[in-house]
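These protein sequences, in sequence, are chains A and B. The opening position of the first sequence corresponds to residue 1 in UniProt numbering, with each subsequent residue numbered one higher. The opening position of the second sequence corresponds to residue 1 in UniProt numbering, with each subsequent residue numbered one higher.
A pair holds if it fits inside one copy or across any two, identical chains being indistinguishable in the list.
Derived DSSO-like pairs: lysine-lysine, alpha-carbon spacing no greater than 30 Å straight-line:
hint, residue 1, residue 2
1, Lys-528, Lys-591
2, Lys-5, Lys-266
3, Lys-415, Lys-322
4, Lys-322, Lys-228
5, Lys-5, Lys-228
It is worth saying that the hints were derived from the structure and are not from the lab.
Protein chains: 2
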Amino acid sequence: MYLEKIDSPADVRAIPASELGALADEIRGALIDKLSVHGGHVGPNLGMVETTIALHRVFDSPSDKLVFDVSHQTYVHKMLTGRAFAFTDPARYDEVSGYSEPGESVHDHFVIGHTSTSVSLACGLAKGRDLVGDTYNVVAVIGDGSLSGGEAFEGLDWAAELGTNLIIIVNDNEMSIAENHGGLYASLAELRATNGESPNNYFRALGLDYRYIEDGNDEQTVEAALSKVRGIDHPVVVHIHTEKGHGYAPAVQNKERFHWDGWFDKATGESLLPTDGEPDYSELTYQVLSARMEADPRIVAISSATPIIMGFTPARRAAAGKQFVDVGIAEEHAVALASGIAAAGGTPVYGFYGTFIQRGFDQLMQDLCVNGNPAVLLSFADSARNMNDVTHLGIFDIPEFNAIPGLTYLAPTCKQEYLAMLEWAIDYREGPVAIRVPGAGVVSREGVALGKAGAAATEGAGPAWPLTPEIVSRGADVAILGLGCAFPIAQEAAAALEAEGVGVTLVNPRVASGLDETFVEELAGSHKAIVTVEDGQLEGGFGEKVARQAGPYGIRVRCLGIPRGYYDRYDPAELMASCSLTPEGVAAAAKELLA
Amino acid sequence: MYLEKIDSPADVRAIPASELGALADEIRGALIDKLSVHGGHVGPNLGMVETTIALHRVFDSPSDKLVFDVSHQTYVHKMLTGRAFAFTDPARYDEVSGYSEPGESVHDHFVIGHTSTSVSLACGLAKGRDLVGDTYNVVAVIGDGSLSGGEAFEGLDWAAELGTNLIIIVNDNEMSIAENHGGLYASLAELRATNGESPNNYFRALGLDYRYIEDGNDEQTVEAALSKVRGIDHPVVVHIHTEKGHGYAPAVQNKERFHWDGWFDKATGESLLPTDGEPDYSELTYQVLSARMEADPRIVAISSATPIIMGFTPARRAAAGKQFVDVGIAEEHAVALASGIAAAGGTPVYGFYGTFIQRGFDQLMQDLCVNGNPAVLLSFADSARNMNDVTHLGIFDIPEFNAIPGLTYLAPTCKQEYLAMLEWAIDYREGPVAIRVPGAGVVSREGVALGKAGAAATEGAGPAWPLTPEIVSRGADVAILGLGCAFPIAQEAAAALEAEGVGVTLVNPRVASGLDETFVEELAGSHKAIVTVEDGQLEGGFGEKVARQAGPYGIRVRCLGIPRGYYDRYDPAELMASCSLTPEGVAAAAKELLA
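Make a model of the complete structure from these sequences and hints.
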């Protein structure tokens, strides 16, 4: 038993080389024990065991600075820097985050969750070190698909200009979340095949010194190679070939599924996640897309390294052929590609996690929306009730998209509305449309008005469904606007208020990007108060637009949402309650305005 | 005289090869005639004359699609596609934009102003072509420094996967706006030195076929090379060596100044721009920075290819040595670099045009602000009264920055306040601070309260100067909040209202990222109405926050700003007036609320 005795990297250095294999085995056992019941990034960490041990034996952290990217491969680093308890003691599994976190340890230097950042951040540390007059080593670890991100390129390209110590470890496990994409990965394969000798060398072409290590899962080999670059006086790339999932057969055999897994049988690797048969939004999306793609060869689904979010399993990707494109981790390119496809007469449908599309903000603004090209964007996992790591929050999508002229942002309240909006968006040719795929779970609203089928039931100003709000019920006291997946909260609040005799107009805005001026004027003229309800950030959100539009009428308005801030590993129910984002909270806010 | 007879590329193809030199001379003459009195991108277009002629002789636009990047090198393309009048007839100089513009011609396919986009957009056209079943050539032109942008890399990396026709012209003029930066450019130099034979080849390392043309200013050479790739069945890079400013000695000798120039003596190249001795904000910024940098070696100024915006001329950059960094066109890297420098104890000051920092939105959110590192960000040219090309608008900065938790965004109203805020921000260690450098020209406010010097004169809630608003005058009827460079408008309106007997509280908010709740509550409780005034986009802007905060009090609020939209080559005074962003407009809005 080694882990319980490791309080700091000094303890790792004190272990005789002959016992490091046993340490690696123990680390793998702890990883599999924890992740099989707790969930987390399995394959990326199993592959990095030996390299991480070597890093801590060669470098003197925290004097020397190790910057991990993507930081979901820091579990082993955490075990070796005083945080093994969070992997060996089930009662303490939640005491560390899944990413690098300076709040936990002096061995972590940045909160990092999005990919492709380590080289640039490490360049900054190295430049700062030089300005301040320090002399420590700065080590960036990058890999697991992140090289395809533009920021990683920008960092590597600039690194050559630094001219002082910087060690860039490229963890080449031949994978992204799914398989790798892009010409670069073909040339990494060539480097692997030639033991690093191929003249076709991306890193050298960027002006960087370069070393290759074939057996990245042999600790002594890696340690020897790293020892040679310690204290180096210029930037160098150390390209290390590792195996994603190394040492655990199920993860080696099924690299994509084990990139992140939630609950599995240790012995067989079989998933133990419940499959209750109710399709989630990924599956629902795939069903619509596959039918439409089959009928129309001009429709193409685009992913940036997260194909499963749209239900595209490996088999389905293969079946879709040229109508499915995974660009790898490259959101900027994905947005521009979609714009170009639309300009050429194709129909691109680009699905992504809302947190990652921040990378494409300028491309949405310029490459796509200035041009008005009809691309369909599907933003997943947006809601304060979805991912709760500080680097993966689902509360910034509305401020981001709503800053962009020309982008219609739809917020369906339920499954039926989502599916109809998706069909509608695929057919819409007037400009780009984004849909906020409900991020708080699948909700059903039988009988909701859905365009062609239910247009007559739809009231409100503006053009045809879905570009006009749905007035669900009418009352004279307060108008409550429940946006997207926050609608059920507004609906319950309305019912409670009605039961108390308060007249409520319940509105499903449908369009997150803003309401027609005359619609708000009408609401302001026929009520005593307005309450807006959204499960995203208040600042820049939907409610603020309503407050501005209602402002001149002097009606009382209360915007409910999440106050601007970085929230980490919070309890979603608690956070929602603290922001009055509960039926009781909404009802209380309404009554306060009416008092 | 050829130009007046060229209505379309067919006319270019009809010119005998022996006369193309005369055509090129005529094009250069027209460029210099126009740009010397009108302003525009001089060097980039002079260098592209022969390549553009060759493109239109080899390819059949608009069937074949030419996508230019950065599209400020499209002047010659415009001359050859029916728009020569805008370069030969002074009365029609303003009839074309400075960038590619589908609204002008079927030969332009995208509105493009930001760099590094053409490869991705062209990938999209090519993919769309394949889906639709067309067979035309798609040609991307990239160069003039744009290869350092992450989006260009993402596009090149993916291009290899396309597998069908795509021709990428790399216009290598050895320059960005200023000199090139990054290791990539060293390897381009190696390719130039070896006539394209060096094994160190960035494009091949990304899996792309590659050709080199040494004499990119010889039309026949370029034409012959392009003829060989026309109809090619896979992606290919054609690396063309051109000379920025070719054919005009002053532009060749002073490549940086002639990247864009406003008014110059054709014979000597001497600038005729008035120098009235009043320093602008670039010069003012440099004066503060150079003094602080001299006193503290930990301070470093960072630019992403626009060093002049902070006053860093070539001589000053040389003098600053390691305390000045130009990362090239690489905003993502610049933000992460700044975060790393701050984490290592340095003080980074990163200055940029507000329109370009959109590229760094995710890096601001994640690499910098989640980490709370004390970097200073200076955002220039933000205002509806600054750049008025649709791709370079200065109205999106407040929505962008205000979406980001943890970022303090200051909006000085005048020179005195800006300089004091810059000094303050350099010393501030609590987190990242951005400053909206006034984008509507230098304004002086004698006696404005400036922290240490004037703290006693400052009222309002919250912490010390400048994090608290300035109450300039007190009145009982309406509170007018004039943000940053819109303050003078609010001030004049207040004076006019006071003269009419309306009691005005005039507020300089100082902080664009939002006011203290209690401050807004106090305003709402002591006035009949509130008017906010900003010269940026309303949606996501400063005013909306005030409207939301004031909402529960039922006070009338009117937010004045620019409605969300893409505005192109507008008259700033007209646009401002149409949005009530004049003293009269603000006063009228206030009176309407009070009526």
